[in-house]
Amino acid sequence: MHIELTMAWRNIWRNPRRSILTILAIAFACLLLVFMLSFQFGSYADMIRFSLNIHTGHLQIKAEGYQKNREIRKVISDPAAVAERLEDRPDIRDYTFRSNAFSLLSSEKRTYGSMITGIVPDREARLTTIEAVIRKGDYLATGDTNQVIIGDLLAENLRVDVGDELVLLGQARDGSVAASMLAVAGIFSSGQEEMDRSVAMITRDTFDRLYFMRGAVHEIVAVCPSLADVKPAVTGLKETLSGLDMRYPLKVWTWQELIPGLLQGIKIDLISGVIFYLIMIIVVAFSILNTFLMAVFERTREFGVLLALGVSHARLTHLLMLESSFICLVGMAAGIAGGAALTLYFQHTGIHIAGAAEILRFYGLPEALRPQLSWLSLLLGPAVVFVVTFLTALYPAWRVRRFKPVEAMHAT
Amino acid sequence: MYLQLAWRNIWRNPKRTAVILTAVIIGVWSMIFLGGTMVGMYDAMIENQLATLTGHLQIHHPGYRNDPAVANSMKDPTAAHSALENVLPAGAVWTDRVRVSAIAQNARHSTGVTMVGIRPDREARISFIGGAVTAGRFLETGRDDHGIVIGRALAEDFETGLGKKIILMSQGTDGEIRSRAFHIIGIYQGQMEATEKNFAFVTLPAARDMLRLGTGISEVAVLLPDRADTGQVVTELRRALPAGEYEVTGYRELMPLITAMIELWDTFMILWYVVVFVAMGFGIINTILMAVMERIREFGLVKSLGMRPRQIVALVVTEATLILAIGIVIGNLTGYVSVWSLARHGIDLSVFAAGADRFSIPRVIYPALHLKEVVRANLVVLILGLLVSLYPALRAARITPVKALARV
Numbered sequence: 001m002h003i004e005l006t007m008a009w010r011n012i013w014r015n016p017r018r019s020i021l022t023i024l025a026i027a028f029a030c031l032l033l034v035f036m037l038s039f040q041f042g043s044y045a046d047m048i049r050f051s052l053n054i055h056t057g058h059l060q061i062k063a064e065g066y067q068k069n070r071e072i073r074k075v076i077s078d079p080a081a082v083a084e085r086l087e088d089r090p091d092i093r094d095y096t097f098r099s100n101a102f103s104l105l106s107s108e109k110r111t112y113g114s115m116i117t118g119i120v121p122d123r124e125a126r127l128t129t130i131e132a133v134i135r136k137g138d139y140l141a142t143g144d145t146n147q148v149i150i151g152d153l154l155a156e157n158l159r160v161d162v163g164d165e166l167v168l169l170g171q172a173r174d175g176s177v178a179a180s181m182l183a184v185a186g187i188f189s190s191g192q193e194e195m196d197r198s199v200a201m202i203t204r205d206t207f208d209r210l211y212f213m214r215g216a217v218h219e220i221v222a223v224c225p226s227l228a229d230v231k232p233a234v235t236g237l238k239e240t241l242s243g244l245d246m247r248y249p250l251k252v253w254t255w256q257e258l259i260p261g262l263l264q265g266i267k268i269d270l271i272s273g274v275i276f277y278l279i280m281i282i283v284v285a286f287s288i289l290n291t292f293l294m295a296v297f298e299r300t301r302e303f304g305v306l307l308a309l310g311v312s313h314a315r316l317t318h319l320l321m322l323e324s325s326f327i328c329l330v331g332m333a334a335g336i337a338g339g340a341a342l343t344l345y346f347q348h349t350g351i352h353i354a355g356a357a358e359i360l361r362f363y364g365l366p367e368a369l370r371p372q373l374s375w376l377s378l379l380l381g382p383a384v385v386f387v388v389t390f391l392t393a394l395y396p397a398w399r400v401r402r403f404k405p406v407e408a409m410h411a412t
Numbered sequence: 413m414y415l416q417l418a419w420r421n422i423w424r425n426p427k428r429t430a431v432i433l434t435a436v437i438i439g440v441w442s443m444i445f446l447g448g449t450m451v452g453m454y455d456a457m458i459e460n461q462l463a464t465l466t467g468h469l470q471i472h473h474p475g476y477r478n479d480p481a482v483a484n485s486m487k488d489p490t491a492a493h494s495a496l497e498n499v500l501p502a503g504a505v506w507t508d509r510v511r512v513s514a515i516a517q518n519a520r521h522s523t524g525v526t527m528v529g530i531r532p533d534r535e536a537r538i539s540f541i542g543g544a545v546t547a548g549r550f551l552e553t554g555r556d557d558h559g560i561v562i563g564r565a566l567a568e569d570f571e572t573g574l575g576k577k578i579i580l581m582s583q584g585t586d587g588e589i590r591s592r593a594f595h596i597i598g599i600y601q602g603q604m605e606a607t608e609k610n611f612a613f614v615t616l617p618a619a620r621d622m623l624r625l626g627t628g629i630s631e632v633a634v635l636l637p638d639r640a641d642t643g644q645v646v647t648e649l650r651r652a653l654p655a656g657e658y659e660v661t662g663y664r665e666l667m668p669l670i671t672a673m674i675e676l677w678d679t680f681m682i683l684w685y686v687v688v689f690v691a692m693g694f695g696i697i698n699t700i701l702m703a704v705m706e707r708i709r710e711f712g713l714v715k716s717l718g719m720r721p722r723q724i725v726a727l728v729v730t731e732a733t734l735i736l737a738i739g740i741v742i743g744n745l746t747g748y749v750s751v752w753s754l755a756r757h758g759i760d761l762s763v764f765a766a767g768a769d770r771f772s773i774p775r776v777i778y779p780a781l782h783l784k785e786v787v788r789a790n791l792v793v794l795i796l797g798l799l800v801s802l803y804p805a806l807r808a809a810r811i812t813p814v815k816a817l818a819r820v
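Read top to bottom, the protein sequences are chains A and D.
Sequential numbering from 1 applies to the first sequence in the working numbering.
Sequential numbering from 413 applies to the second sequence in the working numbering.
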């Protein structure tokens, strides 16, 4: 075994230029795959985190039917009972309450429809990034009675600024008119267009009073310690909550169900990426097939001599496979090292694409894209390259089995 | 002579040539095919967006695009109309619209929508709505002052249907909230759910009457016979209309996000071409290099017989060019065939409809060929291919007769 290793290693350096070019081709493919996969996985993680942290949370509890039709009467009638159940669970890190009502907001000049959301300021701030994305003015404080924070696009449409007054007009839970004067306390810019264009937030207490909610809420939003905990938490919650007696039965929604487009969009992107990568790997495979073929055919005489000396066909195949594996492994090592270095560098500095801020915002991505190196992104691409290269090398190595010593020695 | 010599040389080792040809063919095929898919995708995105009430160009009050409120409407569009009649090429069509944000309400639901007041006969020739009504009927000019056409998704959300009542509320020119009751006479299906939830169509007179708009309109949308003429028509219209009263905007500016997205993809495609090329470039160098190295004696011989280094370079480069040319031709042909065969039925992404909607990708992609894309892919392969083949060619040219002939 040892002698074969030595032979194989020396054989590949008999023609250093060719071996280096082949190694470079493999290294290039590996480097690109490590970087691109890290880049894609990094963007997906950012996209998911960004979308969930701004508003959605990891899971939401709502009354049956509220997700499809946001009717004000479909409430969680006893939120405290649900909260009690949530408190007990280690797989729920934190939770908050929200209520929503579509209403008219009028400034002095303009009137727009808006989704009025009642939030619990301190809980909401622990759960989402809303406090951090206040661009102007202040976030809501517990005890605020007629303060409102609104999205920047809504503020622009209404032509209002911090300190201006808005008139709210809507329909309360019991069908009566909900009306009030509100003062703009702050303006937020979440980066999610729909939210910035239509959402206005007031405190839960104000909402309760205006819309006559009598303590009920529409949504309980919760986060788990990590994304991996969401599934078991939801399964557990469904069981726990089914015992509660509410006016409307409760339903638990995971973030995947709340924003179905997100995962599907990521899938489309991932699948198209895989198609691109596979094509590239196949091109690389054919690119290096010639090297492996030549390594066999220009050494026909040499193999003839070895066969005549009593080396078995199996051992020759083995030797050739060792040579290809060496080339492949060296290339992979170089590619993985290079890819990791490149990824880590950009993971540190971030990638800024000039003029793409708006597109990134549309995809729910931060301005600086950060690839994220993981074991998966580091090894997945190179592993596929290794398998394909190995298969490529198999063909020439098998051809050796047909060599006959005398004929081979006479080959030119 | 080079050509004949090179042609014979590359077939001296047919297996090797076949292998590298395969690499080039797959590379070129993938460029043509994936390029075609990309082009098909963004063509569909543009067309879809153009049909979704964009058109090739629009005329607004200068303040409207920043603040699309009823206050920023064109009070009397006659000047715009006559300018259009003078400037537009034959075959172009235009229509007036009132477009304001409104609140739609029925007994149990309310939500924000965009109310679009249209001239039905003209609108049908410009935007998607003409052919999109799948239940009931489209609005008719001269009647239907209380008829409304809404999207399927909105109808579902509102648990409503044909013949039912829906109330629209919006701010009138006097600043007061105006409302009007409409009967649903038609339900349309759009390309995206967002469209179906957003636009509610009523007749222009109904919208004007409701908003106390008089003869005012929000926008004029124009569809040209050829999209490529947009820039020129925009310039002419800007010259014909007073800038303080009218703003003329081409479709690229009307949909900045899609334009920027397409530019980004465009850059991405060039990068992809280069990546594929590099992948096969290593193979091309290696193969040509092998072909050169095993012919060292031969090169030494022809050199001692008086062949100049430059001629040797030319010969080797010609060999590489021939391989590339064959690969490019076959790659292109297979590329066209796959684009063409997929173009008939399209690539169906409806399994991922919600994801496609979110990223505003069309649900069915019909690959298409654009001359620009094809030329670009082929140029990348040809030019870079020639560049890399220079390396083995120069090595061949440097061979000295004595050394070469001394080799076994």
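Everything labelled a hint here was simulated from the structure, so no lab data went into it.
Mixed in with the good hints there might be a few duds.
[Stated by the list, open to error] Each computed BS3-like pair below joins lysine-lysine, with the alpha-carbon atoms no more than 27 Å apart:
id : chain 1 : residue 1 : chain 2 : residue 2
1  : A       : Lys-68    : D       : Lys-577
2  : A       : Lys-68    : D       : Lys-487
3  : D       : Lys-577   : A       : Lys-74
4  : A       : Lys-136   : A       : Lys-109
5  : A       : Lys-109   : D       : Lys-427
6  : A       : Lys-404   : D       : Lys-487
7  : A       : Lys-136   : A       : Lys-251
8  : A       : Lys-74    : D       : Lys-815
Predicted model only: the values in this text are computed from it and were never measured.
Hints, one by one, checked against the model:
1. A distance of roughly 21 Å separates the Cα atoms of A:Lys-68 and D:Lys-577; the hinted pair therefore holds under the 27 Å criterion.
2. Using a Cα cut-off of 27 Å, the hinted pair A:Lys-68 and D:Lys-487 is violated, with the two alpha carbons roughly 41 Å apart.
3. Taken as a hint, the D:Lys-577 and A:Lys-74 pair is honoured in the structure, with Cα atoms around 23 Å apart against an allowance of 27 Å.
4. A C-alpha spacing of about 21 Å is found between A:Lys-136 and A:Lys-109, which places the hinted pair at or below 27 Å, so the restraint holds.
5. Proposed proximity of A:Lys-109 and D:Lys-427 is contradicted: the alpha carbons are some 79 Å apart, above 27 Å.
6. With a C-alpha separation of about 94 Å, the suggested pair A:Lys-404 and D:Lys-487 falls outside the 27 Å cut-off, and the hint is violated.
7. As the CA atoms of A:Lys-136 and A:Lys-251 are separated by approximately 36 Å, the hinted pair breaks the 27 Å bound.
8. The hinted pair formed by A:Lys-74 and D:Lys-815 fails the criterion: a straight-line CA distance of about 92 Å is larger than 27 Å.
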